[in-house]
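Engineer: In terms of UniProt numbering, the sequence shown opens at residue 1 and continues consecutively.
There's no promise every hint is true.
[Stated by the list, open to error] Quick list of the computed label-pair ranges, beta carbon to beta carbon:
(1) K2 with E205: 50 to 58 angstroms
(2) H278 with N61: 44 to 52 angstroms
(3) G48 with A204: 30 to 38 angstroms
(4) G48 with A74: 26 to 34 angstroms
(5) E267 with Q4: 30 to 38 angstroms
(6) P50 with D224: 51 to 59 angstroms
(7) T206 with W269: 49 to 57 angstroms
Derived from the structure by calculation, the hints contain no laboratory data.
Backbone N, C-alpha and C fix where the C-beta goes; we use that ideal spot for every residue, glycine too.
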Amino acid sequence: MKTQKTWFITGASRGFGLEITKAVLAAGDKVVATVRGKVAEFEAGFNGNPDLLVVTMDVTNEQQVSGAVSAAIAEFGRIDVLVNNAGYGLLAGVEEASNEEVRQNYEVNVFGTLNVIRAVLPSMRARRSGHIINISSVGGLGAYIGWGLYGSTKFAVEGITEALAMEVAPLGIQATVVAPGFFRTNFLDESSLFSSAQIIPDYAETVGVMRDFAAKVSYKQPGDPAKLAQAFITLANAKNPPVHLPLGNDTLDRFRSKTAAFEKDIENWYDVITGTDHDDVHAQAAVQA
1 MKTQKTWFIT GASRGFGLEI TKAVLAAGDK VVATVRGKVA EFEAGFNGNP
51 DLLVVTMDVT NEQQVSGAVS AAIAEFGRID VLVNNAGYGL LAGVEEASNE
101 EVRQNYEVNV FGTLNVIRAV LPSMRARRSG HIINISSVGG LGAYIGWGLY
151 GSTKFAVEGI TEALAMEVAP LGIQATVVAP GFFRTNFLDE SSLFSSAQII
201 PDYAETVGVM RDFAAKVSYK QPGDPAKLAQ AFITLANAKN PPVHLPLGND
251 TLDRFRSKTA AFEKDIENWY DVITGTDHDD VHAQAAVQA
């Protein structure tokens, strides 16, 4: 007989969060779904499912996060799987975005993720069990024009998760960072994507082209969100889940292209790269050889 897991999913009102919530409930597990508002409307979509608890929570509000985690444990006794999904995109050239626009993107995508991790981990540590799944992006594996600032928040999530996985492994806890490619959600519309207030004409042929492209491909992306949700079910049930899980052929192609270019740079600059150690280190290496 299957043991029910309890999932804690942030940003569950739309996009990936909603699809994962539906898939988890259909698989017979319990879900604590966090939304920023319209709780009754969200609950109505699930016909009073007793395995669903909906809580109001803004990931940037530590008090709300702590309260939501406490409510989850009070209702279901434990949190087995945390999915840090809440976040939004910022489309801007590096020079174009204001300090406030960048800081707010970090507040949600990075510091919000950390707020939830810190709130959930004590109960997981006490039980020596749990799985933290943080959602990154293809933009967290390789940069794109116009997405450098948003991508940098996801690069941060990649690094945080990689270190976290090593720190919590001896405690019986697992951590995975999932990097989706372009999936057919609302990510590229105004509900999830913000563009910088400032637009600099000199970037018309780079960032400007990307803005036009993003508008044209919205809801035409190759990835299927329902299939992504099923991948999360598989991931959460794996005995040995990976630390990194790219999802989508576009993500895989982008990462492989980046690593190939990186290897080429290493080949071309090998003597410079390897020639920066102290002379005594070179001498010691020669003796050992």
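Engineer: All hints are to be evaluated individually against the structure, with a verdict given for each.
Structural biologist: These are the hints, each one checked on the structure:
no., hint, verdict
1, K2 with E205: 50 to 58 angstroms, "holds (55 angstroms)"
2, H278 with N61: 44 to 52 angstroms, "holds (49 angstroms)"
3, G48 with A204: 30 to 38 angstroms, "violated (52 angstroms)"
4, G48 with A74: 26 to 34 angstroms, "violated (19 angstroms)"
5, E267 with Q4: 30 to 38 angstroms, "violated (52 angstroms)"
6, P50 with D224: 51 to 59 angstroms, "violated (29 angstroms)"
7, T206 with W269: 49 to 57 angstroms, "violated (26 angstroms)"
Checked against the numbered hints listed earlier, the structure breaks hints 3, 4, 5, 6 and 7; every other hint is satisfied.
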